[in-house]
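> One letter stands for each residue in the lines below.
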Amino acid sequence: MDLTLKIWRQKDSKSKGGFKTYHVKDISPDASFLEMLDILNEELIHKGEMPVNFDNDCREGICGACSLYVNGRPHGPDSAITICQVHMRKFKDGSTVTIEPWRSRAFPVISDLMVDRSAFDRIIQAGGYISVSTGGVPDANEIPINKMKADEAMDAAACIGCGACVATCKNASAMLFVSAKVSQLALLPQGQIEAKRRVQKMVKQMDYEGFGNCTNTGACEAECPKEIKLTNIARMNREFIGAKLGAQKMKL
Amino acid sequence: MIKLDAKIPEGPIAEKWTNYKATQKLVNPANKRKLEIIVVGTGLAGAAAAASFSELGFRVKIFGIHDSPRRAHSIAAQGGINATKNYPNDGDSDYRLFYDTVKGGDYRAREANVYRLAEVSNNIIDQCVAQGVPFAREYSGYLANRSFGGALVSRTFYARGQTGQQLLLGAYGALSKEIHSGKVTMFTREEMLDLVIVDGRARGIITRHLITGEIRRHAAHAVVLATGGYGNVFFLSTNAMNSNGSAVWRAYKRGALFANPCFVQIHPTCIPVHGDYQSKLTLMSESLRNDGRIWVPKKKEDAQKIQRGELKPTEIPEEDRDYYLERRYPAFGNLVPRDVASRAAKERCDAGYGVGNTGLAVYLDFADAIKRLGRDAIEARYGNLFQMYEKIVDDNPYETPMMIYPAIHYTMGGLWVDYELQTNIPGLFAAGEANFSDHGANRLGASALMQGLSDGYFVLPYTIQSYLADQITVPDFKTDLPEFDEAEKRVNDELKKLIGIKGSQTVDHFHKKLGHIMWDHVGMARRKEGLEEAIKMIKELREEFWKDVKIPGDLSGKNTELEKAWRCADFLELGELMARDALMRNESCGGHFREEYQTEEGEALRDDKNFTFVANWEFKGVDKEPELHKEPLKYEFIEVKTRNYKE
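Which chain is which? The protein sequence lines are A and B, in order. Residues in the first sequence are numbered from 356 upward in steps of one, following our numbering. Residues in the second sequence are numbered from 1494 upward in steps of one, following our numbering.
Honestly, the hints are just simulated from the structure, not real lab data. Don't take every hint at face value.
[Claimed, not checked] Interface residues of chain A toward chain B, partial, derived using beta-carbon atoms under 8 angstroms:
id: 1; residue: Ser383
id: 2; residue: Asp393
id: 3; residue: Asp412
id: 4; residue: Pro432
id: 5; residue: Ala481
id: 6; residue: Ile498
id: 7; residue: Gln539
id: 8; residue: Gly546
id: 9; residue: Glu549
id: 10; residue: Ala550
Quick reminder that beta carbons are idealized off the backbone N, C-alpha and C, glycines included.
Please model the entire structure based on the sequences and the hints provided.
If you want it as structure tokens, here you go:
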């Protein structure tokens, strides 16, 4: 396959970026999208140019490092999959492919296609866990959990923290990401004890990081490579309102 | 002269860890605040250790090369984690897991370490459930189990096909909690380039910030390396693109012993190689062997027709299929350990019965399981794996058998550590895949997650105190010591040398060449002549690399090629040590298969009389021969036998 690539190039966070056009030839349809970029980068190095920087690691769709916006869609043309798992057979020979980094104020560009997603870490640090220390916990089977609830918690826990939900949202809202963690822990009995505190702390941090609000367009669910459901946002809103109404004044 | 003391506690095997804990030195709470620990790596072992140290009251600095600690490669582990809960009532016990692991490792692991691993395995499951890890459950609400290779019981806990992800997110949650408390400082996108030793003790590290290119110094009272394995020395492996051996290699070059470097695990169920542009291999979880049956055609002409695309696997009648694992190993069948399954696949393909257009693949067939349990049940168990397979290969595994072939997956070798997980450099500890300790010559499935979390949550938080108890009067280190100057200069000189070569070939060119040498000569089957040849070829390739590698850009700012070059330079030395170790070990055991040493049936032939030891290598200079130090292995609680998975 021969392709024309329009790629966002930006030396560092302070420089001004812009699109640059490249051509790649004889790409196998069985190559992955990132392998196609590897081939381009090898050519660029031979020409003495800087290769295109992009975050990637496991190339199995689970580490969440991928953050490419391809032809106007996060993670490219296929659904329920990250860009590292998309193969070139999904593209038409001779077509033009536009590759951009995530677009969101809360995810500033670091270099080329790499963005800073540390805001996600700070939201988790604010309360996205059960505050248990190592040791001194009961036997695992002393906490029976309804299988349906456990499965639902697992569905939410499958989030890989890539940020596609933010990148695709017109408001750059992080609600799907935050609600996935809130839901996972709210669905489990272990997570109940600090549920109210958790949701308030995480939402507060989310707002502080500059993410937008949810207006229920559902783009996040449609583009999520792990098919995290919009119903998680509804659950988080319920948890949040419940926590606020709980009359329980808490110091966060 | 290095003296090896594994510091194994006295007493019966089941009492050693209890005795150790009862008599070990501890640090009082007020003194813990005075002590600082560096942890390198944010995977299961690193994140668990850092969180647990901090909970105890120590100050911690943790380093990761990714943008977030959650990206560490533990995230990609699929199948599960073992524990001896015996919830299924099928006869499991600490002793049985200990026995299976030592046997699975082909009697090349240290008994006391393995027993401790089995002993704390249950604590791990308890801890993870308390953290909210959503393990699979039965309708009763209790935890579900499945079986894995090399065991006759079902002791594996799992979270769909994403167990590593869920366990890592649990540890990441614990780490995040401690970062929030201010006792842990997280350094993202920062790579360790050297170890700093002051008066014979590990006291700090030199790092490079991967975005700014800045070289930094960090000091502490102790350093823990939890940086994973070195499987990427083969270029193609199931490891993540950034997984590398540089941190342990730099420790080796500063005097830490490297143990059993040739013990590499080749995983039998990976998606086969498809082209020379390929960047990595994808694993299909071992759990698939619970329900999938492995076969190749019985007739060579059928295999050839399949290779040419003239015949489909579904067109081959039952009687013309060779379920070779069930045929050769009736007792364990498709669930033999990984090394055995990998070699058996290679044997069939080498004999001309392989499938796929390359002839380097075998079938993993779910037709029987779908008939028995229904498509929905199979989808519930393996849905995400089937989806991954279909996306990559463009074939539907519900309708046609999967094609699989062995690939490099895990390294059992690593830094030598004693019972306390301390290397021979005082104050330097190694945890998880970075150390050599628990898996011998072959690791059983679902044991890597167990070992990483065991080291991080339940071993290091105890054993590191034995060391730190003597350090309470040592004040915080300043990074302006001459040892830091020297280490930083060494790093800067090497970086300048790399960037100054301005040759004509890319890093990947050399790395791929190294990968081919390693796979052909230091891979699934090894021979004396091939290994000698490999040592020569790697040396030549290394010389060529240092003359002709082309790295664009400069030392400041983001420079991915420079990062890759640094790691590749280390692999070009590490690969040679692996070949040397494999050449020295004149026997076959576990993942190390020397063609000269096999039984008439093609099984690995150990030489217990001469090789029941851990091979530890001491660095003597890049182009000098390393020195071998043997730690003899004693089996007091297990009878050493020939591994038998037939009956």
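> Now tell me if each hint is right for this structure.
Tested hints:
1. Ser383: Cβ of A:Ser383 sits 6 angstroms from chain B, so the hint holds.
2. Asp393: Constraint on A:Asp393 satisfied, holds at 6 angstroms.
3. Asp412: holds, 4 angstroms
4. Pro432: This interface hint is violated because 12 angstroms lies over the 8 angstroms limit.
5. Ala481: The hint holds - A:Ala481 has a Cβ within 8 angstroms of chain B, the shortest such distance being about 7 angstroms.
6. Ile498: holds, 6 angstroms
7. Gln539: The hint holds - A:Gln539 has a Cβ within 8 angstroms of chain B, the shortest such distance being about 7 angstroms.
8. Gly546: holds, 5 angstroms
9. Glu549: Given a least distance of 11 angstroms, the restraint on A:Glu549 is violated.
10. Ala550: violated, 11 angstroms
Hints 4, 9, 10, counting from the list given before, are not met by this structure.
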